[in-house]
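A.B. asks: Assemble the whole structure, with the sequences as input and the hints as a guide.
Read off the chains here:
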Amino acid sequence: MKKLLKLFNPNFLWGGSSGKGPKHRHMFNYSRLWRSAVMLTALSAILPLLAISWLDYNITLKAVKSETLSRTSRTVSNTKRTISAFLEERKSVLDFIVHDNHYTDLINPERLAVILENLRKSFGGISDIGVINANGQQVAYIGPYELEGKNYRDQAWFKEVVERGIYISEVFLGFRNDPHLVIAISYEFPDGTFYILRTSIDTDRLNEQLSNLELGAQGHAFIINTAGILQTPSHHHEETFEKIAIPVPEYSPTTEAFEYHDPYGESYIIGYAYIPGTPFILMIAKNKNEIMKSWNKTRFEILIFLSIGIIIVMIGVIGFATFFVNNIYIADQRRIKTLHQVEYANKLASIGRLAAGVAHEINNPLAIINEKSGLIKDIFQFSDQYARDDKLIGLVDSIHNSVARCGAITKQLLSFARHMDFSLQPVNLKKVIEEVIGFLGREAEYRNIKISINVSDDIPQFESDRGKLQQIFLNLVNNSFAAMSDGGNLTISAVPIKDKRIRISIEDTGCGISEKDLKQIFEPFFSTRTKVGGTGLGLSITYSLVQEIGGTIDVSSTINVGTRFIITLPLNPEKIKEKINAITPR
Amino acid sequence: MRLLLVDDEKEFVETLAERLSLRGFDADWATSAKNAEKFIDSRHYDLVLLDVKMPKVGGRELKKIIEKKLPGIKTIYLTGHGSEEDYHAGSAEAEYYLMKPININELIAKINDALGKEAQS
Numbered sequence: 001m002k003k004l005l006k007l008f009n010p011n012f013l014w015g016g017s018s019g020k021g022p023k024h025r026h027m028f029n030y031s032r033l034w035r036s037a038v039m040l041t042a043l044s045a046i047l048p049l050l051a052i053s054w055l056d057y058n059i060t061l062k063a064v065k066s067e068t069l070s071r072t073s074r075t076v077s078n079t080k081r082t083i084s085a086f087l088e089e090r091k092s093v094l095d096f097i098v099h100d101n102h103y104t105d106l107i108n109p110e111r112l113a114v115i116l117e118n119l120r121k122s123f124g125g126i127s128d129i130g131v132i133n134a135n136g137q138q139v140a141y142i143g144p145y146e147l148e149g150k151n152y153r154d155q156a157w158f159k160e161v162v163e164r165g166i167y168i169s170e171v172f173l174g175f176r177n178d179p180h181l182v183i184a185i186s187y188e189f190p191d192g193t194f195y196i197l198r199t200s201i202d203t204d205r206l207n208e209q210l211s212n213l214e215l216g217a218q219g220h221a222f223i224i225n226t227a228g229i230l231q232t233p234s235h236h237h238e239e240t241f242e243k244i245a246i247p248v249p250e251y252s253p254t255t256e257a258f259e260y261h262d263p264y265g266e267s268y269i270i271g272y273a274y275i276p277g278t279p280f281i282l283m284i285a286k287n288k289n290e291i292m293k294s295w296n297k298t299r300f301e302i303l304i305f306l307s308i309g310i311i312i313v314m315i316g317v318i319g320f321a322t323f324f325v326n327n328i329y330i331a332d333q334r335r336i337k338t339l340h341q342v343e344y345a346n347k348l349a350s351i352g353r354l355a356a357g358v359a360h361e362i363n364n365p366l367a368i369i370n371e372k373s374g375l376i377k378d379i380f381q382f383s384d385q386y387a388r389d390d391k392l393i394g395l396v397d398s399i400h401n402s403v404a405r406c407g408a409i410t411k412q413l414l415s416f417a418r419h420m421d422f423s424l425q426p427v428n429l430k431k432v433i434e435e436v437i438g439f440l441g442r443e444a445e446y447r448n449i450k451i452s453i454n455v456s457d458d459i460p461q462f463e464s465d466r467g468k469l470q471q472i473f474l475n476l477v478n479n480s481f482a483a484m485s486d487g488g489n490l491t492i493s494a495v496p497i498k499d500k501r502i503r504i505s506i507e508d509t510g511c512g513i514s515e516k517d518l519k520q521i522f523e524p525f526f527s528t529r530t531k532v533g534g535t536g537l538g539l540s541i542t543y544s545l546v547q548e549i550g551g552t553i554d555v556s557s558t559i560n561v562g563t564r565f566i567i568t569l570p571l572n573p574e575k576i577k578e579k580i581n582a583i584t585p586r
Numbered sequence: 001m002r003l004l005l006v007d008d009e010k011e012f013v014e015t016l017a018e019r020l021s022l023r024g025f026d027a028d029w030a031t032s033a034k035n036a037e038k039f040i041d042s043r044h045y046d047l048v049l050l051d052v053k054m055p056k057v058g059g060r061e062l063k064k065i066i067e068k069k070l071p072g073i074k075t076i077y078l079t080g081h082g083s084e085e086d087y088h089a090g091s092a093e094a095e096y097y098l099m100k101p102i103n104i105n106e107l108i109a110k111i112n113d114a115l116g117k118e119a120q121s
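Going down the list, the sequences are from chains A and B. Mind the numbering: the first sequence is residues 1 to 586 in the numbering used here, read in order. Mind the numbering: the second sequence is residues 1 to 121 in the numbering used here, read in order.
Just so you know, not all the hints are guaranteed correct.
[Unchecked claim] Going by beta-carbon spacing under 7 Å, a handful of chain A positions derived as facing chain B:
id : residue
1  : P109
2  : D204
3  : N363
4  : F382
[Unchecked claim] Far from chain A by the CB rule (all over 10 Å, computed), these chain B residues:
id : residue
5  : R19
6  : R23
7  : A33
8  : E37
9  : S42
10 : D46
11 : L47
12 : K64
13 : I102
No lab work stands behind these hints: they were computed from the structure. Computed from a predicted structure; not experimentally measured. Cβ coordinates follow ideal geometry from the N, Cα and C atoms, glycine included.
C.D. replies: Written as structure tokens, this is what we have:
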């Protein structure tokens with residue numbers, strides 16, 4: 001679980017750094033690299049997903065819309081045929097009557113009453129019938145009103161019948177105050193005169209035809225005239241004879257469908273058809289939201305699919321980006337560490353060469369000073385005249401001591417520069433430590449410093465350079481002694497660790513090292529004790545010695561609490577040689 | 001006891017010779033191999049002190065020349081270098097190897113040790 005969390009919260013994300021020193025910075029800004037990797041990969045994975053979903057969304061939407069429109073169109077077409085057939089039927093019957101009956105028969109009220117009765121029986125909804133002569137006068141009439149003798153010559157419908165031979169009126173209330181329409185048909189005699197047979201039809205049958213359509217809860221069919229006035233009742237719209245809100249569609253000989261958005265935010269799919277030979281436009285309106293219900297489900301499924309897809313892609317992308325960036329980061333960390341080691345080794349080597357040169361140049365004049373002052377002292381000592389002059393002897397001794405001090409420094413510098421041969425021999429770690437402590441035992445006793453040695457019995461005898469090991473311990477123990485006041489504690493412990501290595505810790509209760517100094521502690525010539533004889537080479541020599549025998553050294557310290565040096569050494573000499581070859585600059 | 005000191009630093013070798021003379025040694029000094037050979041040819045010496053690094057002919061080369069003329073002569077090397085080469089020169093006979101600046105008492109002890117005698121000063 002922790003590993004999984006680590007995968008999504010790696011060190012590099014928060015600018016974790018192992019860079020030692022300003023020279024070796026990370027090759028990349030890892031959090032930025034990670035962000036770019038995640039963004040680019042996510043984009044390249046999610047964009048096609050979004051595109052496909054968008055495409056699918058649109059195609060499906062288009063398909064649903066076109067299916068809805070065509071279904072509406074089909075319904076309109078079918079209804080249009082029904083309505084046309086309804087009107088055509090009645091028109092044909094009138095046509096049949098005028099052809100089947102002689103004019104004289106038709107103006108006979110009895111005959112006309114029989115015809116009306118038969119019509120009512122066959123078709124129903126026919127309220128009256130009348131015959132109008134060429135002058136526009138109603139010569140015969142059977143019906144509920146007193147219309148016989150009424151002249152229609154000046155009326156528009158009369159003119160239209162004369163012109164076109166047929167007339168179908170809009171729906172109107174008339175005297176009856178009941179919606180109906182009129183169909184009139186003319187019969188022309190061979191001499192050019194004519195008469196008109198006119199009948200009124202209730203619109204109930206027509207309305208029935210429309211209401212019988214199965215259009216679903218939100219769909220309804222109705223008829224308007226070319227001025228947009230409702231000719232049949234509409235469930236959801238205005239009353240008959242009111243003007244509908246939908247604009248009257250343009251004339252088209254075929255069935256059409258379009259989308260209409262009303263001012264209240266509702267959308268409708270409207271299908272319409274002009275019914276030929278009539279002033280009627282058949283309309284079917286369907287609530288779009290109702291129709292699109294199935295589409296909404298599909299849309300929801302597409303969105304769910306898209307969301308799940310994006311989540312899976314993001315988990316994958318973040319996981320992989322983290323894994324790869326982390327690998328680069330680790331490699332970079334190693335690079336920095338190696339660079340640091342190589343630079344350190346190079347620095348030590350060049351400082352060594354410089355030190356050797358300087359030491360050599362100084363050594364010769366120093367030797368001369370040494371001999372000259374020695375001779376002066378000899379002369380004083382061998383001559384009675386000055387032998388008892390303590391001041392002169394003191395002065396010469398002081399020169400001598402200074403030369404000896406300089407000599408010690410040059411010798412140390414030269415030993416620092418020297419590449420001693422690497423000689424492996426079996427080493428008993430506990431023995432080596434005890435020998436080193438032996439040198440310093442007296443000082444420890446005198447200063448009341450308590451030394452504890454805890455070397456694990458699990459550490460076998462191993463091959464290493466005994467001399468170098470001794471010098472390492474001597475340097476570090478000396479360092480600890482210098483850091484501690486009288487009565488301190490020095491603990492040296494060693495335990496075996498994994499990969500056939502041992503871990504040695506040298507811990508004191510001294511004054512500690514500040515964080516700032518800790519960074520430079522292994523640098524050559526860095527010393528906080530220059531005034532009391534520190535050369536600043538001890539720890540840097542120790543550092544190279546530890547590297548030469550294939551180990552690593554680390555330090556941690558707390559001011560006024562103490563310092564701990566940790567050395568890890570390999571038990572396998574083959575590895576030491578490889579490491580030496582790798583790090584020793586030639 | 002006769003000693004020959006050879007070092008290209010005249011000031012050094014001259015002073016050291018004088019100091020050894022004060023301690024009862026019969027010490028001659030030379031600043032080059034050529035000069036040293038003249039001394040060897042003219043007198044007998046019990047021990048030579050040689051600087052390892054000298055122009056033209058170095059200490060170890062000179063030792064070979066002297067060895068031919070005075071077989072079995074004891075040698076103490078002096079050096080101002082800490083170089084690997086010098087160290088190897090010394091490691092063969094570590095006790096007869098001294099680094100400059102030298103401690104006179106240490107040198108006397110080494111001379112006596114080499115000659116197998118008690119200190120004379």
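A.B. asks: Quick one: work out the minimum CB distance from S42/B to chain A and report holds if it exceeds 10 Å, violated otherwise.
C.D. replies: Since the minimum Cβ distance to chain A is about 25 Å, S42/B lies beyond 10 Å and the statement holds.
A.B. asks: Was the hint right that P109/A lines chain B, CB cutoff 7 Å?
C.D. replies: Violated - the Cβ of P109/A stays beyond 7 Å from chain B, reaching only about 151 Å at its closest.
A.B. asks: Mind verifying the non-interface call on D46/B? Its CB should be farther than 10 Å from each CB in chain A.
C.D. replies: holds, 21 Å
A.B. asks: Would the least Cβ to Cβ distance between I102/B and chain A come out above 10 Å?
C.D. replies: About 7 Å separates I102/B from the closest Cβ of chain A, which leaves it inside 10 Å; violated.
A.B. asks: Minimum C-beta separation from E37/B to chain A exceeding 10 Å: can you confirm that?
C.D. replies: Given a closest Cβ separation of 23 Å, the condition holds.
A.B. asks: Over 10 Å to the closest beta carbon of chain A is the bar; see if A33/B clears it.
C.D. replies: holds, 18 Å
A.B. asks: A closest beta-carbon separation below 7 Å is what the hint needs, so does F382/A meet it against chain B?
C.D. replies: Holds: closest Cβ of chain B sits about 5 Å from F382/A, inside 7 Å.
A.B. asks: Does R23/B clear chain A by more than 10 Å, comparing its Cβ with all Cβ atoms of that chain?
C.D. replies: R23/B not clear of chain A: closest Cβ-Cβ about 8 Å, inside 10 Å.
A.B. asks: Evaluate the condition: distance from the CB of R19/B to the nearest CB of chain A exceeds 10 Å.
C.D. replies: violated, 5 Å
A.B. asks: Quick check on N363/A please, does its C-beta sit within 7 Å of some C-beta on chain B?
C.D. replies: holds, 4 Å
A.B. asks: Would K64/B pass as off the interface with chain A, using Cβ distances and a cut of 10 Å?
C.D. replies: Answer for K64/B: holds, closest chain A Cβ roughly 24 Å.
A.B. asks: Is the nearest CB of chain A more than 10 Å from the CB of L47/B?
C.D. replies: For L47/B, whose nearest Cβ neighbour in chain A is about 18 Å away, the distance exceeds 10 Å, so it holds.
Violated hints, listed in ascending order, are 1, 2, 5, 6, 13; each of the other numbered hints is respected by the structure.
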